[in-house]
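Residue numbers (my numbering), protein chains in the order written: chain H, 171 to 430; chain C, 5 to 105; chain S, 665 to 723.
Do not take every clue at face value.
[What the hints assert, rightly or not] Label-pair restraints from in silico Cβ distances:
(1) C:Lys-53 - S:Val-691: 46 to 52 Å
(2) S:Asn-706 - H:Phe-391: 42 to 48 Å
(3) S:Asp-707 - C:Lys-53: 53 to 59 Å
(4) S:Trp-678 - H:Gly-259: 21 to 27 Å
(5) C:Gln-39 - H:Asp-248: 39 to 45 Å
(6) C:His-78 - H:Leu-183: 41 to 47 Å
(7) S:Trp-678 - H:Leu-338: 31 to 37 Å
[Unchecked claim] Going by beta-carbon spacing under 10 Å, a handful of chain H positions derived as facing chain S:
(8) Pro-268
(9) Thr-304
(10) Trp-307
(11) Ala-360
(12) Asn-361
(13) Ile-363
(14) Ala-364
Think of the hints as simulated: they come from the structure by calculation, not from any bench.
Every residue gets a Cβ at the ideal spot worked out from N, C-alpha and C, and that includes glycine.
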Amino acid sequence: MLNLLNTYINSPLDQFEIRVFLGFVSPFFDLSCLSFTTFSLYALIVFIVIVGGLNLLTTNNDKIVGSRWYVSQEAMYDTILNMVKGQIGGKYWGYYFPLVYTFFIFIFTANLISMIPYSFALSAHLVFVVSLSTIIWLGATITGLYKHGLIFFSLFVPTGTPLALVPLLVLIELLSYFARAISLGLRLSANIIAGHLLLLILGGLVLSLMSVSYIYFIFGFIPLAAILAILCLEFAIAVIQSYVWSILTSSYLKDALYLH
Amino acid sequence: MIAKRCLSTLIPPKIVSAKNLGSAPNAQRISQVVQFYKSLPQGAAPAYKPSGPIGKYKAKYFDGDNASGKPLLHLALFVLGMGYSMEYYFHLRHHKGGAEH
Amino acid sequence: MFKRFPTPILKPYWPFFVGGVFVYWGVGKAASASAQTAEFINDPRNPRFARGEKPVELK
C-alpha cells in the first residue's frame, strides 16, 4: 500500500510556533528578551537577503550602468517612490520615503520567504505586526500634533459638514482613526495566517485522500490542481499585502502631515 | 538670449589640427590636453577579478550575462533544507513509522 | 560598498521612535499581565518555569 502519510495529526497552527534555540533565562537572571528563537532566525535571514542579496550582490562592480539584477531593485524602488510621491506629495514626501520603502521591502521579503515549504511566516505573528502598525500610527499622530498643534483635530471634521452633524461625525471619524492602528496590522497578519492555514489544511486533506488507494491517488490530482491555484493566489496576496501596507502607511502619513 | 548670439560664436573655432598646433596662441593648452588623453588607459577595460566565495558567487550568478534567477532557487533550497531539518529534529523523528505520541 | 545618503533621520522620525518606546513598554506590560492570568499561569511555555518557579495551585 502507498505509505505517503505517517498517521499522526498535528495542529495546523503548529507552523506558527516559536521555538527557543538559545535562551538566556535561569533562576538568577531573566534575559529572555535576548533569546534566539525561530523568529530571530528568520528575521536574520530576511535581513541578510535584503542587505546582502538584494543590495550588495546586485551592484555592478563600480560600473555606472547596473547589472540585470539591479534593474529588479530599481523597479521596486521606483514603484514605491512614485507611490509615496503620489500619496504624500507636497514638501515632505521625501523624508518619509525611506520609512515606507523599508517597511515594503521587509514585508515583501518576509512574505515571500514564508511561502517556502517548512519555512516560517514572520508577518503571521499578530503581536509583532500589530505592534509595528501601532508604532506607525502613533508616530503619524505625534507628527501631526507636533506640526499642527490643536489644528490637528480638524482632521476629524470633514470639510463642508453641517454644524448639527459635527458631534456625530467627529465621533465616527475618531473611532475610525483609532481603528487604523489595529486594522493596518490585522489586515496583513490575518491574510497571511489565513493563507498558510488554508494551504496546510487542504494539503493535509489531499494527502490523506491520495494515500487511500491508487484510484484515489490518481483522482487526487484534481484537488491538488486546485491547491496549486490557491498557492498562486497566496503568492499574489504576499506581494499585494506588502504594497497595501506601504500605500496605507503613506496615506496615514499624508493625513498627519497635511490634514486632508 | 539665443537671439543675441551672433553666428560666429556658434561655429567652434578650428583649433585641433596638426598645422595649427605650433602657431596658435593656446598651443600650450592643446598639448596639455593631448598629454592628458595619452595618459588615459587605452583598449578594453581590465576584466573584473572576483575574490572570495561571495565574489565568485556574484560573478557566477549576478554579473553581466551570467545574471539568472538561480539565486532565488538556491535561497529556496537553503530555507527548505534548514526548515525541514529543524522540523525533523523537533517533530518528525518522534513519529517514525506512524507511531503515536 | 555602502553609499552615504544625507537624509535626516532623527528630524522626521523622532515621533516614530517615541511611538516605538511606548509600544514596547505597552506590549511588555500586556505580555506579563497575560502570563499571570489563570489561563496561562500553568502553561508549560510560561517563562516562570524557566526561572525555576513551581506551578501554582488554582482555586
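Hints and how they fare:
The supplied range of 46 to 52 Å is met by Lys-53 of chain C and Val-691 of chain S, whose beta-carbon atoms lie about 50 Å from each other. Our hint of 42 to 48 Å for Asn-706 of chain S and Phe-391 of chain H holds, since their Cβ atoms are close to 47 Å apart. Range check, Asp-707 of chain S to Lys-53 of chain C: about 57 Å between beta-carbon atoms, so the 53 to 59 Å window is met. Checked against the given bound of 21 to 27 Å, the beta carbons of Trp-678 of chain S and Gly-259 of chain H, roughly 22 Å apart, stay inside it.
Hint check: Gln-39 of chain C to Asp-248 of chain H, Cβ distance near 43 Å, so the stated range 39 to 45 Å holds. At roughly 30 Å, the beta-carbon separation of His-78 of chain C and Leu-183 of chain H lies outside the given 41 to 47 Å, and the hint is violated. At about 35 Å, the CB distance of Trp-678 of chain S to Leu-338 of chain H agrees with the hint of 31 to 37 Å. Interface hint status for Pro-268 of chain H: upheld, as the beta-carbon distance to the closest one in chain S is roughly 6 Å, under 10 Å.
Restraint check, Thr-304 of chain H versus chain S: the minimum CB separation of about 5 Å is within 10 Å; hint holds. Against a cut-off of 10 Å between C-beta atoms, the interface hint on Trp-307 of chain H holds, since the closest Cβ of chain S lies about 8 Å away. A cut of 10 Å between beta carbons decides the hint on Ala-360 of chain H: the least distance to chain S is about 19 Å, and the hint is violated. Taking 10 Å as the C-beta contact cut-off toward chain S, the hint placing Asn-361 of chain H at the interface is violated, the least distance being around 22 Å.
With a cut of 10 Å, the hint placing Ile-363 of chain H at the interface with chain S is violated, because the nearest CB-to-CB distance is about 19 Å. With 10 Å as the threshold, the beta carbon of Ala-364 of chain H stays out of range of chain S, its nearest partner Cβ sitting at about 23 Å, so the hint is violated.
Hints 6, 11, 12, 13 and 14 from the earlier list are contradicted by this structure; the remaining hints agree with it.
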